[in-house]
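Novice: Put chain B on the given structure of chain A with help from the hints.
Protein chains in written order, with this note's numbering: chain A, 1 to 561; chain B, 1 to 71.
No wet-lab data here; the hints were simulated from the structure.
Accuracy of the hints is not assured; some may be wrong.
In silico lysine to any residue, SDA-like type, Cα no more than 25 Å apart, as pairs [unchecked claim]: (1) A:K541 to B:P6; (2) A:K539 to B:A43; (3) A:K539 to B:R65.
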Amino acid sequence: MGDDYPSMFRSEPMSSVELYIPREVAHDTVTELGELGNVQFNDLNPNVNPFQRSFVGEIRRFEDMARRTRFFISQIEKEKDPILIRPLSDSAPLITVGPRAARTIDELDEVLGEHEARLLQMNESYKTLSERTKELVEARHVLRETAVFFDMAETQQTEVRSSFDDSSAPLLQYDDRETQHSSTLQFELEFVAGTIERSHIPTLERVLWRLLRGNLYMNHTDIAEPFVDPVTGVETRKNVFIIFAHGESILAKIRKVAESMGATLYPIDANADKRADSLREVTARLEDVQTVLYHTGLTRRSELMIIGENLSRWQDVVCKEKAIYETMNFFNYDVRRKTLVAKGWCPTRDLVVIQAALRRATEESGTNVVPILHELPTNKTPPTFVRTNKFTEGFQAIMDSYGTATYQEVNPGLFAIITFPFLFAIMFGDIGHGLIILFAALYMIANERKWARIELGEITAIFFSGRYIILLMGLFSLYTGLIYNDIFSRTLHLWRSGWDWVDMNGMEVGVPTGRVYPFGLDPAWRAADNGLVFSNSYKMKMSVVLGVIHVCLSFTFTLAS
Amino acid sequence: MASLFPVVFLFIVLLGLEVCTYLLVPKGPQQVTIRTAIMLTFAACYLMWMVTYMAQVHPLIAPYRSPKLET
Numbered sequence: 001m002g003d004d005y006p007s008m009f010r011s012e013p014m015s016s017v018e019l020y021i022p023r024e025v026a027h028d029t030v031t032e033l034g035e036l037g038n039v040q041f042n043d044l045n046p047n048v049n050p051f052q053r054s055f056v057g058e059i060r061r062f063e064d065m066a067r068r069t070r071f072f073i074s075q076i077e078k079e080k081d082p083i084l085i086r087p088l089s090d091s092a093p094l095i096t097v098g099p100r101a102a103r104t105i106d107e108l109d110e111v112l113g114e115h116e117a118r119l120l121q122m123n124e125s126y127k128t129l130s131e132r133t134k135e136l137v138e139a140r141h142v143l144r145e146t147a148v149f150f151d152m153a154e155t156q157q158t159e160v161r162s163s164f165d166d167s168s169a170p171l172l173q174y175d176d177r178e179t180q181h182s183s184t185l186q187f188e189l190e191f192v193a194g195t196i197e198r199s200h201i202p203t204l205e206r207v208l209w210r211l212l213r214g215n216l217y218m219n220h221t222d223i224a225e226p227f228v229d230p231v232t233g234v235e236t237r238k239n240v241f242i243i244f245a246h247g248e249s250i251l252a253k254i255r256k257v258a259e260s261m262g263a264t265l266y267p268i269d270a271n272a273d274k275r276a277d278s279l280r281e282v283t284a285r286l287e288d289v290q291t292v293l294y295h296t297g298l299t300r301r302s303e304l305m306i307i308g309e310n311l312s313r314w315q316d317v318v319c320k321e322k323a324i325y326e327t328m329n330f331f332n333y334d335v336r337r338k339t340l341v342a343k344g345w346c347p348t349r350d351l352v353v354i355q356a357a358l359r360r361a362t363e364e365s366g367t368n369v370v371p372i373l374h375e376l377p378t379n380k381t382p383p384t385f386v387r388t389n390k391f392t393e394g395f396q397a398i399m400d401s402y403g404t405a406t407y408q409e410v411n412p413g414l415f416a417i418i419t420f421p422f423l424f425a426i427m428f429g430d431i432g433h434g435l436i437i438l439f440a441a442l443y444m445i446a447n448e449r450k451w452a453r454i455e456l457g458e459i460t461a462i463f464f465s466g467r468y469i470i471l472l473m474g475l476f477s478l479y480t481g482l483i484y485n486d487i488f489s490r491t492l493h494l495w496r497s498g499w500d501w502v503d504m505n506g507m508e509v510g511v512p513t514g515r516v517y518p519f520g521l522d523p524a525w526r527a528a529d530n531g532l533v534f535s536n537s538y539k540m541k542m543s544v545v546l547g548v549i550h551v552c553l554s555f556t557f558t559l560a561s
Numbered sequence: 001m002a003s004l005f006p007v008v009f010l011f012i013v014l015l016g017l018e019v020c021t022y023l024l025v026p027k028g029p030q031q032v033t034i035r036t037a038i039m040l041t042f043a044a045c046y047l048m049w050m051v052t053y054m055a056q057v058h059p060l061i062a063p064y065r066s067p068k069l070e071t
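So here's chain A without its partners, still in its complex pose (with noise of 0.2 Å):
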């Protein structure tokens, strides 16, 4: 009964390993295995602190690297646009065995490091200038609103003095500027200028108007667009305000108000020139700071597309180096011989198979020193373990969902490939829907290949992960369908009815004719008004004799166990 193959039927036999490896040839030992995957490790280190293990400073190293590559990847998702970061299966491996390993791993860090140095500085810029970005377009506004209010009190002060030329006309020599912004100055009232959020405006004004007595004037406008916040994206709406005021205290008073509400004060000057000046001179600061902050987010995306291109081989190498650090944490370090001694299970028929992959180890290393492999004959029970393929593994992950089964017992999931699908079927049974899932499984299966590779979404690696499971579901839905005389809630007529209908009393009723439909439910049912009677009792009584015969079933698995 199959006795050159292992079979589901029961889980495989296991054999308790001793390994003594040499410490040269540790890591790649511990390679080569964890590539194979056939051996379970015991901890013989039970009673140590994580922290006291022998391996715990290279295991340090490797979650710094994992942390760097963590945070690579948070920076890429922050990006707006997309940046690609190539799959693992295209990506060229990173050699960490052999004599050059150590140097590998030594650049590995190297480069992580600088390329979160370089992050995280050019992150500190783009925000600093994003700020004086900030302020500049506020003092720009500013300059802009103050320029409308002092033309309005130019305009109200050239009824009185009309002599005078204009202030705002740029012909006039320096000192006729001069004198006349002294003379001026009687009409002009000193002033406080900023911006404040459009929230606060009524709250100041109050509060400034009750302070002073009404010994001011204030006059404020909308700024249109709103500033965002670059650190947290929040908008806020601000206005430009502007207070005239007389004498030093109350000037002193108004800005320590201001200030105190949240107000940004911004100096201006009173003359119309000077403002000119200050606004040329603030819109090119503006302009070279958006400059540099645009160049900034250039040499940022280009560098994180070239972390993009590498990061996947990163994290793998990563992952892999701290699991295989930790594996080495459960061996027993015997320093004098400087060897490790580790014991664990591993299946009987896969003995050679990992001779050989301490043999290729050796051979990679480039050492000569082979590690050993000792079979213990023991007493205890091994772990149960069962080999399945890419069809028979969502079966046997299913049952052990609902616990493990004990070493070389019989195994449920063996039946299950056949039982789970057909109790499905049977509460789906419908030849139309069972269509429809077995195309869209056959169809997950010829796309098998592409689709493991890329990077499903969660619920549609659910889904493909069970194809075998939905194809084999749907090929007995297309049999219980057939049964129920189901295709899309409507009955085939498939061979001549059981039943004949005749007029009676004003109804319909069928009389039997003493044929019984071949195959399935009669399709003169669908069409009675008691049909749901006839069914519904129907297919209870099935599925309890189905149950009964089922549980039985599985009575004699314990039997045979």
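Specialist: The following block gives chain B in isolation, referenced to the frame of chain A:
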């Protein structure tokens, strides 16, 4: 004609199919899996058909419906 003859006949056919499967599935790493699957399929399908057939052989009630309205 509404007899249980088909039930018994198909049961014998099923037994025959099971024996054939047991003997004829080629040896290989998947022999046990394939054999179990095919045998279980045959048994389950026969069982379902048998219950359906036997439910209709000696019916306890007859279908009735209100007559279709003539247009």
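Novice: None of the hints should be skipped; say for each whether it holds.
Specialist: A quick look at each hint next to the structure:
1. Under the criterion of a C-alpha separation no larger than 25 Å, the hint pairing A:K541 with B:P6 is consistent with the structure, at around 20 Å.
2. Proximity of A:K539 to B:A43 is assessed by CA-CA distance (about 18 Å); at most 25 Å being required, the pair is judged to hold.
3. Note on A:K539 and B:R65: the hinted pairing holds, with a Cα-Cα distance of about 21 Å set against a maximum of 25 Å.
Consistency note: the structure conflicts with none of the earlier hints.
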